[in-house]
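Top to bottom, those sequences are chains A and B. Once you know that position 267 of the first sequence is 267 in the working numbering, the rest is easy, because the numbers rise by one and skip nothing. Start counting at 1 in the second sequence, then tack on 346, and there's your number in the working numbering.
Heads up, some of the hints might be wrong.
To be verified - Subject to a maximum C-alpha distance of 30 Å in a straight line, what follows is the list of computed DSSO-like cross-link-like pairs (lysine-lysine):
no.	chain 1	residue 1	chain 2	residue 2
1	B	Lys426	A	Lys290
2	B	Lys396	B	Lys364
3	B	Lys365	B	Lys396
4	B	Lys535	B	Lys426
5	B	Lys535	B	Lys463
6	A	Lys290	B	Lys456
7	B	Lys365	B	Lys568
8	B	Lys463	A	Lys290
9	B	Lys535	B	Lys396
What the hints assert, rightly or not - Partial list, computed: chain B residues near chain A (C-beta under 7 Å):
no.	residue
10	Leu399
11	Arg421
12	Arg422
13	Phe439
14	Pro440
15	Met449
Just so you know, the hints here were simulated from the structure itself, not pulled from any lab data. Quick reminder that beta carbons are idealized off the backbone N, C-alpha and C, glycines included.
The chain contents come next:
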Amino acid sequence: MMPENAPARKSRRGSYAILMMAVVLCVLFVLSFAVGRYRMSLAEMWSGLTHRYEVGDSAYNSMIVMIKVRLPRILGAMLVGGCLSMSGAAFQGVFGNPLVSPDLLGTSSGAGLGACIAILSGLRAFGVQLSALAGGVAATVITVSIARTLMHKRSGLIAYVLVGIIVSALFEAGISISKYISDPYSDLEALTYWLMGSIKNVTMAQLGITVIPAGLGFLILAWGGYRVNLLSFSDEEAMSMGLNVRTFRLTMLFGATLMSAASVALAGVVGWVGLVVPHIARILTGPDNKKLFVTAFLTGAAFLLLIDNISRTLLYFEIPVSILTGAIGAPVFIILLLKGGNGGWR
Amino acid sequence: MAVTLSLRAEDISCGYGKKTVLENVSFELSPGSVCCLLGPNGVGKTTLFKTILGFLPRLGGAFYIGDRDIGTFSRREIAKVIAYVPQAHVPAFPFTVEDVVTMGRTAWFKNTRTPGKEDMEIAAEILDSLSIGHLRDRIYTQLSGGERQMVLVARALAQQPRFLIMDEPASNLDFGNQMRVLKQVMELKNRGIGIVMASHHPDHAFMCDADVILISADRSVKAGHCREMLTEESLSRAYSIPVRILEEETENGTIRSCTMQL
Chain A
1 MMPENAPARK
11 SRRGSYAILM
21 MAVVLCVLFV
31 LSFAVGRYRM
41 SLAEMWSGLT
51 HRYEVGDSAY
61 NSMIVMIKVR
71 LPRILGAMLV
81 GGCLSMSGAA
91 FQGVFGNPLV
101 SPDLLGTSSG
111 AGLGACIAIL
121 SGLRAFGVQL
131 SALAGGVAAT
141 VITVSIARTL
151 MHKRSGLIAY
161 VLVGIIVSAL
171 FEAGISISKY
181 ISDPYSDLEA
191 LTYWLMGSIK
201 NVTMAQLGIT
211 VIPAGLGFLI
221 LAWGGYRVNL
231 LSFSDEEAMS
241 MGLNVRTFRL
251 TMLFGATLMS
261 AASVALAGVV
271 GWVGLVVPHI
281 ARILTGPDNK
291 KLFVTAFLTG
301 AAFLLLIDNI
311 SRTLLYFEIP
321 VSILTGAIGA
331 PVFIILLLKG
341 GNGGWR
Chain B
347 MAVTLSLRAE
357 DISCGYGKKT
367 VLENVSFELS
377 PGSVCCLLGP
387 NGVGKTTLFK
397 TILGFLPRLG
407 GAFYIGDRDI
417 GTFSRREIAK
427 VIAYVPQAHV
437 PAFPFTVEDV
447 VTMGRTAWFK
457 NTRTPGKEDM
467 EIAAEILDSL
477 SIGHLRDRIY
487 TQLSGGERQM
497 VLVARALAQQ
507 PRFLIMDEPA
517 SNLDFGNQMR
527 VLKQVMELKN
537 RGIGIVMASH
547 HPDHAFMCDA
557 DVILISADRS
567 VKAGHCREML
577 TEESLSRAYS
587 IPVRILEEET
597 ENGTIRSCTM
607 QL
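Build out the structure end to end from the sequences listed, making use of the hints.
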């Protein structure tokens with residue numbers, strides 16, 4: 001019980017978690033190059049990277065598979081998993097409620113409709129991505145502004161949840177209309193596939209434009225991480241401790257929305273990661289959001305990378321990741337709920 | 347800042363939106379004094395607090411910290427002068443007591459920083475001074491109501507404020523814990539902190555020998571020292587019941603207590 005011991009011990013807990021997840025992620029990153037339809041040993045991977053090769057020989061094939069096929073996909077899985085998870089952790093922290101997920105404010109539905117409109121307009125790749133990003137941010141802005149005008153009638157979270165549900169429903173209706181009127185031989189397939197969520201066709205160029213909003217969101221959340229702790233208490237308490245709650249909460253929501261919208265724009269709607277992974281991360285770090293956010297990013301990146309590896313190796317055809325995240329995420333969440341007290345929240 | 351810094355409310359009106367709940371509340375609180383806010387449920391005690399702390403917009407009047415209007419202070423500046431002790435409720439995440447208390451330091455460090463060694467030491471010192479040092483590594487959400495209330499007092503003190511605003515700190519506590527919290531209030535007063543405390547028990551005002559703001563059921567507001575303000579007549583009117591005040595002489599002075607014959 002010496003005054004010096006506890007702080008040192010506690011800060012170590014968080015740092016260990018970050019270090020551990022960073023190592024896990026690195027190992028997974030390397031191994032991910034080896035798995036898939038085209039199997040490679042570590043030695044083959046090494047020779048693919050280091051040897052001089054002739055077009056068509058095995059070192060060349062290894063190199064092509066690794067750099068052209070697998071690298072974008074691996075980076076995509078990490079980015080999407082990390083963004084969704086960190087964004088989820090931020091939403092849970094900002095609303096002081098562990099059952100909140102990043103789609104609370106309608107970001108996913110908004111991004112979905114954005115993508116639908118772009119696909120129906122004949123756009124592909126970049127166009128769809130930008131339109132989805134814009135849709136996601138727009139839906140969130142609509143939710144937040146309506147919820148804020150309701151604030152004096154209902155307490156914070158309830159207003160956001162209600163308006164979020166309504167705005168989501170509206171955008172979902174838009175998505176349904178898009179499906180209904182789309183050409184079943186071209187657009188509908190692209191649309192359905194996009195909505196299902198996949199990181200199969202991610203390109204380096206797409207990653208490039210995702211990194212900008214995702215990185216900005218990451219910086220915002222990392223900057224405000226500690227003060228999100230204050231929001232676990234009532235707004236009034238947080239204000240009395242010197243926090244400008246309104247501005248701060250909006251800033252954090254903006255950062256979290258940038259991250260989730262960026263990920264939805266890149267890979268479509270990948271469910272459960274943003275809800276479940278923050279809980280796993282919280283078990284590792286404890287409730288301090290400063291450490292939690294970074295750990296959640298690393299854990300989410302590792303989680304989705306693992307799921308994506310499973311999705312491309314488990315069966316002869318590829319299973320969309322969102323199906324796997326649901327199939328794995330939902331049971332994990334039930335276990336966490338049943339465990340309750342030890343799940344990093346009361 | 348001057349040592350004589352005091353809080354001064356001049357004709358404050360407060361309420362929600364356009365609906366005025368209380369009007370013309372005036373009082374002054376100097377460091378090292380206790381002011382008890384008494385009145386029946388729903389009369390606007392919490393509304394007044396929220397207005398003073400700037401959680402609700404003031405509908406009229408002025409509130410000064412020293413000679414500066416509180417409107418010219420930033421949130422952070424207010425937090426360094428006035429701390430707020432709410433009624434304890436349970437947050438969703440299992441922070442340790444030390445985490446909770448160091449959160450009170452937030453106003454004192456830059457946005458990009460987290461609590462440092464110095465902040466941990468201040469927290470430890472405060473916990474010890476409140477005789478709850480043993481709770482430091484416990485999980486806040488798992489404490490009893492009385493312990494949680496004391497931790498919130500510690501968190502408020504970590505702001506190193508001149509004034510504490512306590513919203514019914516003794517409600518929801520058993521008799522023993524109520525008395526412990528009041529004893530702590532007196533100790534803080536003796537340390538030179540000015541305290542405004544809402545309470546449901548006129549007894550608390552007597553025990554702390556406090557100034558009183560008495561809000562009656564008809565929303566009339568009166569302020570003064572408890573011995574003048576709290577009479578059988580004024581309390582009966584405030585709470586709309588016949589109140590008796592019993593007095594007992596002891597070697598340390600007079601003990602006064604309110605009750606009612608059923």
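Hint check:
1. Annotation: proposed proximity of Lys426 of chain B to Lys290 of chain A holds, straight-line Cα distance about 23 Å (limit 30 Å).
2. For the suggested pair Lys396 of chain B and Lys364 of chain B, the alpha carbons sit about 16 Å apart, so the restraint of at most 30 Å is met.
3. Between Lys365 of chain B and Lys396 of chain B the CA atoms are separated by roughly 15 Å; this keeps the pair inside 30 Å, and the hint holds.
4. With a C-alpha separation of about 17 Å, the suggested pairing of Lys535 of chain B with Lys426 of chain B holds against the 30 Å cut-off.
5. For the hint linking Lys535 of chain B to Lys463 of chain B, the alpha-carbon distance of about 28 Å falls within 30 Å, and the restraint holds.
6. For a cut-off of 30 Å, the pair hint linking Lys290 of chain A to Lys456 of chain B stands: about 14 Å separates their Cα positions.
7. Proposed proximity of Lys365 of chain B and Lys568 of chain B is supported: the alpha carbons are some 21 Å apart, at most 30 Å.
8. At roughly 17 Å between alpha-carbon atoms, Lys463 of chain B and Lys290 of chain A fall within 30 Å of each other, so this suggested pair holds.
9. With a C-alpha separation of about 22 Å, the suggested pair Lys535 of chain B and Lys396 of chain B falls inside the 30 Å cut-off, and the hint holds.
10. The criterion of a C-beta within 7 Å of any C-beta in chain A is met by Leu399 of chain B, whose closest approach is roughly 6 Å, and the hint holds.
11. Taking 7 Å as the C-beta cut-off, the interface hint given for Arg421 of chain B holds, the closest approach to chain A being about 5 Å.
12. A hinted interface residue such as Arg422 of chain B counts as satisfied when its beta carbon comes closer than 7 Å to some beta carbon of chain A; here the least separation is about 4 Å, so the hint holds.
13. Given hint, Phe439 of chain B at the interface with chain A, holds; its Cβ is 4 Å from that chain's nearest Cβ, closer than 7 Å.
14. The beta carbon of Pro440 of chain B comes within 6 Å of a beta carbon in chain A, closer than 7 Å, and the hint placing it at the interface holds.
15. A hinted interface residue such as Met449 of chain B counts as satisfied when its beta carbon comes closer than 7 Å to some beta carbon of chain A; here the least separation is about 6 Å, so the hint holds.
In this structure, every one of the numbered hints holds.
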